[in-house]
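Residue numbers (our numbering), protein chains in the order written: chain U, 1 to 326; chain Z, 1 to 326.
Check the hints yourself; a few may be wrong.
Taking lysine to aspartate or glutamate pairs in the EDC-like style, the calculated list, with each CA pair at most 16 Å apart, reads [as the list claims (entries may be wrong)]:
#1 K131/Z x D67/Z
#2 K319/Z x D182/Z
#3 K45/U x D289/Z
#4 K238/Z x D182/Z
#5 K45/U x E86/Z
#6 K48/Z x D82/U
#7 K48/U x D52/Z
#8 K131/U x D69/U
#9 K171/U x E181/U
#10 K48/U x E115/U
#11 K94/U x D198/Z
#12 K171/Z x D100/U
#13 K45/Z x E81/U
#14 K238/Z x D100/U
#15 K196/Z x E96/U
#16 K98/U x E81/Z
#17 K94/Z x E115/U
#18 K48/Z x E115/U
#19 K45/Z x E86/U
#20 K98/U x E86/Z
#21 K45/Z x D82/U
#22 K45/Z x D67/Z
#23 K117/U x E96/Z
#24 K98/U x D176/Z
#25 K117/U x D67/Z
#26 K45/U x E81/Z
#27 K98/U x D198/Z
#28 K302/Z x D100/U
#29 K236/U x D184/U
#30 K172/Z x D100/U
#31 K200/Z x E96/U
#32 K94/U x E115/Z
#33 K238/U x E141/Z
#34 K302/U x D289/Z
#35 K321/U x D204/U
#36 K48/U x E81/Z
Partial list, computed: chain U residues near chain Z (C-beta under 10 Å) [claimed, not checked]:
#37 L41
#38 V140
#39 N167
Hints were generated in silico from the structure; no laboratory data involved. What you are looking at is a predicted structure, and each value in this text was computed from that prediction instead of being measured. C-beta atoms are modelled at their ideal positions from N, C-alpha and C, and glycine is treated no differently.
Letter by letter, the chains look like this.
There are 2 protein chains.
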Amino acid sequence: MADSAAKHETDELYQKAKRAKSDNENGGGEVGKEIECGNILSEFKTTKVLSDSAREKNIFIHGKLADQDAVIILEKTPIREDTLAELFAGSTLKLEMKNDIYSTYRLQALPQLNEIKTTVVCPATEKHIKKYQRQESFLVEETGADYQSITLPYIQKQSFSVQWVYNILEKKAEADRIVFEDPDPTVGFLLLPDFKWDQKQVDDLYLIAITLQRGIRSLRDLTQEHLPLLQNIFQKGKEAILQRYQLPASKLRVYLHYQPSYYHLHVHFTKLGYEAPGCGVERAHLLADVIQNLQSDPEYYKTRTLYFPLRVDDGLLSKYKEGGRL
Amino acid sequence: MADSAAKHETDELYQKAKRAKSDNENGGGEVGKEIECGNILSEFKTTKVLSDSAREKNIFIHGKLADQDAVIILEKTPIREDTLAELFAGSTLKLEMKNDIYSTYRLQALPQLNEIKTTVVCPATEKHIKKYQRQESFLVEETGADYQSITLPYIQKQSFSVQWVYNILEKKAEADRIVFEDPDPTVGFLLLPDFKWDQKQVDDLYLIAITLQRGIRSLRDLTQEHLPLLQNIFQKGKEAILQRYQLPASKLRVYLHYQPSYYHLHVHFTKLGYEAPGCGVERAHLLADVIQNLQSDPEYYKTRTLYFPLRVDDGLLSKYKEGGRL
Chain U
1 MADSAAKHET
11 DELYQKAKRA
21 KSDNENGGGE
31 VGKEIECGNI
41 LSEFKTTKVL
51 SDSAREKNIF
61 IHGKLADQDA
71 VIILEKTPIR
81 EDTLAELFAG
91 STLKLEMKND
101 IYSTYRLQAL
111 PQLNEIKTTV
121 VCPATEKHIK
131 KYQRQESFLV
141 EETGADYQSI
151 TLPYIQKQSF
161 SVQWVYNILE
171 KKAEADRIVF
181 EDPDPTVGFL
191 LLPDFKWDQK
201 QVDDLYLIAI
211 TLQRGIRSLR
221 DLTQEHLPLL
231 QNIFQKGKEA
241 ILQRYQLPAS
251 KLRVYLHYQP
261 SYYHLHVHFT
271 KLGYEAPGCG
281 VERAHLLADV
291 IQNLQSDPEY
301 YKTRTLYFPL
311 RVDDGLLSKY
321 KEGGRL
Chain Z
1 MADSAAKHET
11 DELYQKAKRA
21 KSDNENGGGE
31 VGKEIECGNI
41 LSEFKTTKVL
51 SDSAREKNIF
61 IHGKLADQDA
71 VIILEKTPIR
81 EDTLAELFAG
91 STLKLEMKND
101 IYSTYRLQAL
111 PQLNEIKTTV
121 VCPATEKHIK
131 KYQRQESFLV
141 EETGADYQSI
151 TLPYIQKQSF
161 SVQWVYNILE
171 KKAEADRIVF
181 EDPDPTVGFL
191 LLPDFKWDQK
201 QVDDLYLIAI
211 TLQRGIRSLR
221 DLTQEHLPLL
231 QNIFQKGKEA
241 ILQRYQLPAS
251 KLRVYLHYQP
261 SYYHLHVHFT
271 KLGYEAPGCG
281 VERAHLLADV
291 IQNLQSDPEY
301 YKTRTLYFPL
311 RVDDGLLSKY
321 KEGGRL
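Generate the whole structure from the sequences, applying the supplied hints.
Shown next as structure tokens:
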């Protein structure tokens, strides 16, 4: 999440910069001229890698450039169709493996066909450095007993505030964002766009159903008595999305998080095909599965061992370490 | 004639590669020696770009290699911390924009520091071409009965070839890639890097455990009798990864796919934090959960309703539509 936000802001900087370039052009400066600048980075001294993504092929580095703090962002560039002919013709291939019809190689291309996008923030402030710092996660195993002895006391002690949720339920906030409402006090809920979704397209559709009923903290509190609630959210949520966005149930991924981001029961509705943050199997639980589990075993979420990731700076992770559970 | 010559040259290169590998295995050659193979891709003719991802910096191309259908996958490689010093020292920077504390560049690096992972599937079948063609997906609900009446007949009729899996089990291919081996015929398995992982960094670690036992197609075939196998894979797989890559279990995401890509039981080991394709909750099932489920109910995967995405061109999706199940 932090990485996406940081990247988004970086992209915004590009926009800002392009506008400035355009101003230059209008102001009599040199049009579109690139300046080869030797290599200012040969003086760069790495202090720490703040984060990196193997999937996105980027890296965020904090270091020193001529005695000043700097953040450098490197990102590989997308592969463009219009470069393929040159790439195939002019590169060197090194065979790594062949098995039946499959073979893999390392391709070495001409540098100008395979550039690395580089951003330098210098001088960089503490705020820049923190923004790009990613936190590692660890997978935690929580038995039913661990929940009672470690997690629950921790949640209760933290007294995480869900006042903002109650504000929504009481229509004191975000009332104009409500897409659907079932006011029944037991099985009712509100359906709203998640604030990560700008609603400009359905490609990344993301809505949240928040239960009117209070006091259900998470998956762990669910029993068979909650089945009517869960089935109601599932059914009416899907119908509302079909009606409003013309998206059928077969295009939806409907799930709960464990651990949730906040301890008031809520269900995520995201578009299948959109890899929403948190739709990974280590944190998401399909609502259809949760319903099935409770139908077959009322005590399922009390007795079950559950797995979830925790960030290294999460207080709960410390509790699991102290308890020798990691 | 030119094409025959090209094919002949291609075959020669493959034979050369295989002999060198065989030399390796017999101890007669250098371990892990690569063969530079000129550039077989200079003969490649692009037919169509099947899909590409600007986020992941990859591209999937259908074309012809010496008159045969081929699919080529190009993907930029992650940026590794241990290459930074060389990258910064030895590259050329071209300034694009400077605005206050922000500046952007195009960095041109030495080819060997900035390789492109290349996979060639040749000859490629219609199935391969379809597989890499980006398609919309739909979520399918498969009851235990649906599996028997729709999915299983379809799988059996298709007779998907797993010859390449048997090549690995019989050490006819990829023998030098085996990270760990338990030769027990019932609970044994081979652990190898998935070919999507270039093994140059652990950030995107991706290994597959392939069961020695044949005939277990998927999750649906699993019963309590498979518990020793599953537990063995889980235990020994984690230990092998800790030993080889110094990655503890708390940094791993271990799961099966349903539907799987191929119908010979295999388990995915990916690094937590790496959003491996297919780690979404709609397709992945944590091995720890599968074990827990079978411990509590031997018939779990026979009776359970399972959910999974299918692409719009998947023959199985048509079967579900015909059966009115979509």
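Status of the hints after comparison with the structure:
This hinted pair does not check out: K131/Z and D67/Z have alpha carbons roughly 21 Å apart, beyond 16 Å. The hinted pair formed by K319/Z and D182/Z fails the criterion: a straight-line CA distance of about 39 Å is larger than 16 Å. Of the supplied pair hints, the one linking K45/U and D289/Z is violated, its CA atoms being roughly 46 Å apart against a limit of 16 Å. The hinted pair formed by K238/Z and D182/Z meets the criterion: a straight-line CA distance of about 13 Å does not exceed 16 Å.
For the hint pairing K45/U with E86/Z, the CA-to-CA distance comes to about 12 Å; that is within 16 Å, so the pair holds. Restraint check: the Cα-Cα separation between K48/Z and D82/U comes to about 12 Å, which is no more than 16 Å; the hinted pair holds. Restraint check for K48/U and D52/Z: the C-alpha separation of about 32 Å exceeds 16 Å, so the hint is violated. Of the pairs offered as hints, the one joining K131/U and D69/U holds, with about 14 Å between alpha carbons and a cut-off of 16 Å not exceeded.
For the hint linking K171/U to E181/U, the alpha-carbon distance of about 11 Å falls within 16 Å, and the restraint holds. Of the supplied pair hints, the one linking K48/U and E115/U is violated, its CA atoms being roughly 23 Å apart against a limit of 16 Å. Under the criterion of a C-alpha separation no larger than 16 Å, the hint pairing K94/U with D198/Z is consistent with the structure, at around 13 Å. Restraint check: the Cα-Cα separation between K171/Z and D100/U comes to about 12 Å, which is no more than 16 Å; the hinted pair holds.
Proximity of K45/Z to E81/U is assessed by CA-CA distance (about 13 Å); at most 16 Å being required, the pair is judged to hold. Pair hint K238/Z plus D100/U does not hold up; C-alpha atoms about 29 Å apart against a cutoff of 16 Å. Distance restraint check for K196/Z and E96/U: the Cα-Cα separation of roughly 12 Å lies within the 16 Å cut-off, and the hinted pair is therefore satisfied. Our distance criterion of 16 Å between C-alpha atoms is broken by K98/U and E81/Z, whose separation comes to about 29 Å.
A distance of roughly 10 Å separates the Cα atoms of K94/Z and E115/U; the hinted pair therefore holds under the 16 Å criterion. Between K48/Z and E115/U the alpha-carbon distance is near 24 Å, which puts this suggested pair outside the 16 Å criterion. For the hint linking K45/Z to E86/U, the alpha-carbon distance of about 12 Å falls within 16 Å, and the restraint holds. A distance of roughly 30 Å separates the Cα atoms of K98/U and E86/Z; the hinted pair therefore is violated under the 16 Å criterion.
The hinted pair formed by K45/Z and D82/U meets the criterion: a straight-line CA distance of about 13 Å does not exceed 16 Å. As the CA atoms of K45/Z and D67/Z are separated by approximately 9 Å, the hinted pair is consistent with the 16 Å bound. Between K117/U and E96/Z the alpha-carbon distance is near 10 Å, which keeps this suggested pair within the 16 Å criterion. Among the hinted pairs, K98/U with D176/Z is consistent with the structure: their alpha-carbon atoms are about 11 Å apart, no more than 16 Å.
Between K117/U and D67/Z the CA atoms are separated by roughly 37 Å; this puts the pair beyond 16 Å, and the hint is violated. At roughly 12 Å between alpha-carbon atoms, K45/U and E81/Z fall within 16 Å of each other, so this suggested pair holds. Note on K98/U and D198/Z: the hinted pairing holds, with a Cα-Cα distance of about 14 Å set against a maximum of 16 Å. At most 16 Å may separate the alpha-carbon atoms for a hinted pair to count; K302/Z and D100/U exceed this at roughly 34 Å.
The suggested pairing of K236/U with D184/U holds, with an alpha-carbon distance near 12 Å, which does not exceed 16 Å. Distance check on the hinted pair: K172/Z and D100/U sit about 10 Å apart at the alpha-carbon level, within 16 Å; holds. A threshold of 16 Å between alpha carbons decides the hint, and for K200/Z with E96/U the separation of about 13 Å falls inside it, so the pair holds. Taking the CA atoms of K94/U and E115/Z, the gap is about 10 Å. The hint holds against a cut of 16 Å.
Between K238/U and E141/Z, the direct Cα distance comes to roughly 15 Å. Compliance with the 16 Å bound is thereby established for this hinted pair. With a CA separation close to 15 Å, the supplied pair K302/U and D289/Z stays within the 16 Å bound. In summary, the hint linking K321/U to D204/U is not supported, as the alpha carbons are separated by about 37 Å, beyond the 16 Å threshold. This hinted pair checks out: K48/U and E81/Z have alpha carbons roughly 9 Å apart, not beyond 16 Å.
At its closest, the beta carbon of L41/U sits 4 Å from a beta carbon of chain Z; the interface hint therefore holds under the 10 Å criterion. Interface hint at V140/U: satisfied, since its Cβ lies 7 Å from the closest Cβ of chain Z, which is below the 10 Å cut-off. Annotation: interface hint on N167/U violated; nearest CB of chain Z at approximately 30 Å, more than 10 Å.
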